[in-house]
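Engineer: Chains as they are written, first to last, in my numbering: chain A, 3 to 258; chain B, 135 to 233; chain C, 64 to 694.
Take these hints with a grain of salt, some might be off.
Said to hold, decoys possible - From the structure, some residues in chain B lie toward chain A, with a derived Cβ separation under 10 Å:
| # | residue |
| --- | --- |
| 1 | Asn136 |
| 2 | Ile141 |
| 3 | Gly151 |
| 4 | Thr185 |
| 5 | Asn188 |
| 6 | Gly191 |
| 7 | Ala195 |
| 8 | Met199 |
| 9 | Val200 |
| 10 | Ala203 |
| 11 | Phe217 |
| 12 | Pro228 |
| 13 | Tyr233 |
Stated by the list, open to error - Below, in silico cross-link-like pairs of lysine-lysine (DSS-like), each with a Cα-Cα straight-line distance of 25 Å or less:
| # | chain 1 | residue 1 | chain 2 | residue 2 |
| --- | --- | --- | --- | --- |
| 14 | B | Lys232 | C | Lys664 |
| 15 | C | Lys189 | C | Lys100 |
| 16 | C | Lys430 | C | Lys189 |
| 17 | A | Lys98 | C | Lys664 |
| 18 | A | Lys35 | B | Lys232 |
| 19 | C | Lys148 | C | Lys189 |
If you are wondering where the hints come from, they were derived from the structure by calculation, not from laboratory data. Cβ coordinates follow ideal geometry from the N, Cα and C atoms, glycine included.
So you can see what is in the structure, the chains are spelled out below.
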Amino acid sequence: MIGTPATTGEAVLFWVCAILAVLGALGLITSRKAVHCALWMALTMISLAILYISNAAPFLGMVQVIVYTGAVMMLFLFVIMVVGVDASDSLIETIKGQRWAALFLGLALIVILAWGLGSALSGVPATGVDAANREFGGNVQGIAHLIFTQYLVVFEVTSALLITAALGAMVLAHREHWKPKPTQEELSKARFLGEEHPGNRPNPGIYARHNAVDTPALLPDGTPTELSIPGPLRARGDIAPVDIQDVHQIEEADSL
Amino acid sequence: MNPSNYIVLSALLFGIGAIGVLVRRNAIVVFMSVELMLNASNLAFVAFARTNGNLDGQVVAFFVMVVAAAEVVVGLAIIVQIFRSRRSASIDEPNLLKY
Amino acid sequence: MQELMPATGVFSLLWLLIALPLAGAAILLLGGRMTNKWGPYLGVLTVVVDAVLAIWMLVAMMGQGAEERTFNDSVYSWVFAGSFKVDMAFQLDQLSMVFVLLITIVGALIHIYSLGYMSHDPDRRKFFGFLNLFVAAMLLLVLANNYLLMYVGWEGVGLASYLLIGFWQYKPAAAAAAKKAFIINRVGDVGLSLAIMVMFVTFGSVSFEDVFSSTGQASEGTLTAIGLLLLLAACGKSAQFPLQAWLLDAMEGPTPVSALIHAATMVTAGVYLITRSNAIFDAAAWAATAVVVIGVITMFMGAIIGCAKDDIKKSLAGSTMSQIGYMVIAAGLGPVGYVFAIFHLLTHGVFKAGLFLGAGSVMHGMKDNVNMRRYGALRAMMVITFGTFVICTLSIMGIPPFSGFWSKDSIVHAAFESNNLVGICTVLAAGITGFYMTRMVAMTFFGKQRWEDDVHPHESPAVMTIPLIILAIGATFLGMALLFWGNIETWLEPVVGYEEHEIAIPELLLMAITLAIVLIGAAIAWIQYARREVPVAEPHGNLLTRAARAELYGNEVNDVLVVQPSFWLSRFLVWFDNAWVDGFVNGSAATVGGLSGRLRKYQSGFIRSYALSMVGGAVLVVLALVLVRLS
Numbered sequence: 003m004i005g006t007p008a009t010t011g012e013a014v015l016f017w018v019c020a021i022l023a024v025l026g027a028l029g030l031i032t033s034r035k036a037v038h039c040a041l042w043m044a045l046t047m048i049s050l051a052i053l054y055i056s057n058a059a060p061f062l063g064m065v066q067v068i069v070y071t072g073a074v075m076m077l078f079l080f081v082i083m084v085v086g087v088d089a090s091d092s093l094i095e096t097i098k099g100q101r102w103a104a105l106f107l108g109l110a111l112i113v114i115l116a117w118g119l120g121s122a123l124s125g126v127p128a129t130g131v132d133a134a135n136r137e138f139g140g141n142v143q144g145i146a147h148l149i150f151t152q153y154l155v156v157f158e159v160t161s162a163l164l165i166t167a168a169l170g171a172m173v174l175a176h177r178e179h180w181k182p183k184p185t186q187e188e189l190s191k192a193r194f195l196g197e198e199h200p201g202n203r204p205n206p207g208i209y210a211r212h213n214a215v216d217t218p219a220l221l222p223d224g225t226p227t228e229l230s231i232p233g234p235l236r237a238r239g240d241i242a243p244v245d246i247q248d249v250h251q252i253e254e255a256d257s258l
Numbered sequence: 135m136n137p138s139n140y141i142v143l144s145a146l147l148f149g150i151g152a153i154g155v156l157v158r159r160n161a162i163v164v165f166m167s168v169e170l171m172l173n174a175s176n177l178a179f180v181a182f183a184r185t186n187g188n189l190d191g192q193v194v195a196f197f198v199m200v201v202a203a204a205e206v207v208v209g210l211a212i213i214v215q216i217f218r219s220r221r222s223a224s225i226d227e228p229n230l231l232k233y
Numbered sequence: 064m065q066e067l068m069p070a071t072g073v074f075s076l077l078w079l080l081i082a083l084p085l086a087g088a089a090i091l092l093l094g095g096r097m098t099n100k101w102g103p104y105l106g107v108l109t110v111v112v113d114a115v116l117a118i119w120m121l122v123a124m125m126g127q128g129a130e131e132r133t134f135n136d137s138v139y140s141w142v143f144a145g146s147f148k149v150d151m152a153f154q155l156d157q158l159s160m161v162f163v164l165l166i167t168i169v170g171a172l173i174h175i176y177s178l179g180y181m182s183h184d185p186d187r188r189k190f191f192g193f194l195n196l197f198v199a200a201m202l203l204l205v206l207a208n209n210y211l212l213m214y215v216g217w218e219g220v221g222l223a224s225y226l227l228i229g230f231w232q233y234k235p236a237a238a239a240a241a242k243k244a245f246i247i248n249r250v251g252d253v254g255l256s257l258a259i260m261v262m263f264v265t266f267g268s269v270s271f272e273d274v275f276s277s278t279g280q281a282s283e284g285t286l287t288a289i290g291l292l293l294l295l296a297a298c299g300k301s302a303q304f305p306l307q308a309w310l311l312d313a314m315e316g317p318t319p320v321s322a323l324i325h326a327a328t329m330v331t332a333g334v335y336l337i338t339r340s341n342a343i344f345d346a347a348a349w350a351a352t353a354v355v356v357i358g359v360i361t362m363f364m365g366a367i368i369g370c371a372k373d374d375i376k377k378s379l380a381g382s383t384m385s386q387i388g389y390m391v392i393a394a395g396l397g398p399v400g401y402v403f404a405i406f407h408l409l410t411h412g413v414f415k416a417g418l419f420l421g422a423g424s425v426m427h428g429m430k431d432n433v434n435m436r437r438y439g440a441l442r443a444m445m446v447i448t449f450g451t452f453v454i455c456t457l458s459i460m461g462i463p464p465f466s467g468f469w470s471k472d473s474i475v476h477a478a479f480e481s482n483n484l485v486g487i488c489t490v491l492a493a494g495i496t497g498f499y500m501t502r503m504v505a506m507t508f509f510g511k512q513r514w515e516d517d518v519h520p521h522e523s524p525a526v527m528t529i530p531l532i533i534l535a536i537g538a539t540f541l542g543m544a545l546l547f548w549g550n551i552e553t554w555l556e557p558v559v560g561y562e563e564h565e566i567a568i569p570e571l572l573l574m575a576i577t578l579a580i581v582l583i584g585a586a587i588a589w590i591q592y593a594r595r596e597v598p599v600a601e602p603h604g605n606l607l608t609r610a611a612r613a614e615l616y617g618n619e620v621n622d623v624l625v626v627q628p629s630f631w632l633s634r635f636l637v638w639f640d641n642a643w644v645d646g647f648v649n650g651s652a653a654t655v656g657g658l659s660g661r662l663r664k665y666q667s668g669f670i671r672s673y674a675l676s677m678v679g680g681a682v683l684v685v686l687a688l689v690l691v692r693l694s
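Just need the whole structure built from these sequences, with the hints factored in.
Structural biologist: Below you can see the structure in the form of structure tokens.
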């Protein structure tokens, strides 16, 4: 790839990827739906991967795509799905002054870091990693050499960390069964001894005008019943309104 | 191409990530902003590696990625657990550790 | 200056003089109820043995040459702090010898008298313990060879006085009187301690030897200061103006206490102090003048108060105040008067003790009533008491040939030697003395009976009357004995110095004038109180009488000058403590509480607020880093 000196090609690449990355970041923090945030995040990560590659770190760029965008972002998306795809933040800020303070501090951080670090490095010529890459016959081999000699302990510790993390996630996500799983006989008994009517609930679509799962069925007297809507939708309050015309039509059909 | 450009970009991304942590209420989006900050620092490491002429920066960036992955795993598991018991993924909800 | 002899022979037992009564006090006070039966007798025994020892030492001392009569006995090194060394050491010279004799002999007689007087009191073992303590402390006072050790004895007699005045502590009046005596004494004690400090700073030592030999090296201002401070101490102990208010209240204590402490011995400690420090007063003329002035004022004050009091003991107390005034005048006159101050002190000790014990005997027969308006015509009922009382009265008035005549006239003579005005004052006071003493005798023993209904006066038992008789004999002959056979002037001269000057009028004429004025005073009192009827209810009296009854408003002055300001000060301090100190403490607690109340609002529980402060901190840290490292 490109080492030293930097060429116009690299400059163009940099500007394009930089703008994309910033756009993705801004999209991340401003989207209402969580899924959109995840997608913007993926855009930023891809652009960063390209930037890594343009900085003579191809191994890192690939790892970024495979691990970060591929595994980590997918993990995020799975969890969003579990938590609730439709969940969206309201735009109203509950803590007073938080937004302004956050904006101010964030800008201050950017300015100080950019100015401080940037001005420190502006006069330093980049040595470039071409020589380092060539030393062991490639970027991957160079990184491998460093990992398995100088940073060996770090490597071992990090692997221990990974194992611990995996175990921890398994433990955390595990649902403990406090009681033995109820058998069908027990479930049936509970149903008949309980307070609710033991029969089936009305299926969706009885006298229904729409066959969507979230439209409540109509009882014989024309009132909509929410019992026909499956539990998760009912819990979320995801119930479509019933058109009053449907009720009148049924009444007319009755009187006929 | 002056490597300082990359540093400025890294700083920018880091700041945006910080703002995201402070402003967003959804726990998962906050987590994603934290990941953004980690990525920004990775970019800085790679740029410094290029400046200094050795691969140490890249190795460090690699380890950062590994650690970030482990952190994501555990963090998301925790979020799922909290969601199971509290039915909500907002980070304003758990505010009992107050005066 | 005298040569210091080592204490050999009987003088090696000097420490025993103090140790015996001290041991007696310890046994009686610490032994508790076990010692109740034989305790009083032990108390009497210690002082009697002391008296015998004292007489033995006197005989031995008289056998020595005049310049060789100062015996020094060092018991142990007490203070050694760098250059400041003070020993617990006793010095017996002619001056302390006469005091030792007075204390032990009169003390022994009063102890024996107390066996009878306090026979009905359930606490009498404690009484004898305190009396022994007093004797030990007083002996320490006069036998010390340095001011610091004398101060120990000084404080000790003050303590004993407090304990004894407030002996009947269940009586509020007695407790208050004891407290008053102690506090006023304390004011005087401050004078003595300051004087000791000045002495140490000036002379580097506080022993008599060192101080008296170095008076030439100090400036007159310093010596005047020391003298005035010593005078303050003497005023406190000897109830001189302005610290005189406690003496009349001290009569709340049992009569033997009044006799021993407030007549014969403790109140004379002031005179002892001034006389012992003669080297200082000789060198500081202003201080000596102050002494004389104080003495004159007190002499008149005491006499006037004594004229108007109906309480027999308070009247005698006023008389004591006045007589000590005489002694103080004599001590202040310098070498012309030191000897006579001591002479009068000795004779006064004897006849005043006799008067007090006689009053106690009268009270014993009148059911402890002290109001003279309720006495009258007692001479037939209490013959011995009457006889001894009259002898002591004649002695105090200065009628020849009784002992008081010799000592008082010597003081009058010495007064005229120095200053005619002072001399005239002493003569006038002698007249007033004649008045109030005759009044006392007339109201008590003559006139009509004014007794209360259930009172049957009787003579006191022998254990009380025998000491009275012995004291009366002393009151008769002691004066002549000391003057002619003992040659008191030459006896004391090596210690205090003696001078004689000419006076304006011939000596015999002076004696005659004094005697005439005394008899005029006595006659006035006789007509007023023996011939005329004495009203039982107190008459209103003219202005002077009322003022005298109110002790010349001494208590009111003390109240305004000292007591009320002390109350204000303490109230102010209480307010200050509550408002400022407590306010400061409570205020800081409240401030911390308020601050914490405000600070804890930051713990809102919101993760994002915490994250905000974290980012804020991070910004500051990065800013600092950038500014320091990278610019």
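Engineer: A separate judgement is required for each hint: does it hold in the structure or not?
Structural biologist: Hints versus structure:
no., hint, in the structure
1, Asn136, "7 Å, holds"
2, Ile141, "5 Å, holds"
3, Gly151, "7 Å, holds"
4, Thr185, "5 Å, holds"
5, Asn188, "5 Å, holds"
6, Gly191, "9 Å, holds"
7, Ala195, "6 Å, holds"
8, Met199, "6 Å, holds"
9, Val200, "5 Å, holds"
10, Ala203, "6 Å, holds"
11, Phe217, "5 Å, holds"
12, Pro228, "14 Å, violated"
13, Tyr233, "16 Å, violated"
14, B:Lys232 / C:Lys664, "8 Å, holds"
15, C:Lys189 / C:Lys100, "12 Å, holds"
16, C:Lys430 / C:Lys189, "23 Å, holds"
17, A:Lys98 / C:Lys664, "14 Å, holds"
18, A:Lys35 / B:Lys232, "29 Å, violated"
19, C:Lys148 / C:Lys189, "36 Å, violated"
Hints 12, 13, 18, 19, counting from the list given before, are not met by this structure.
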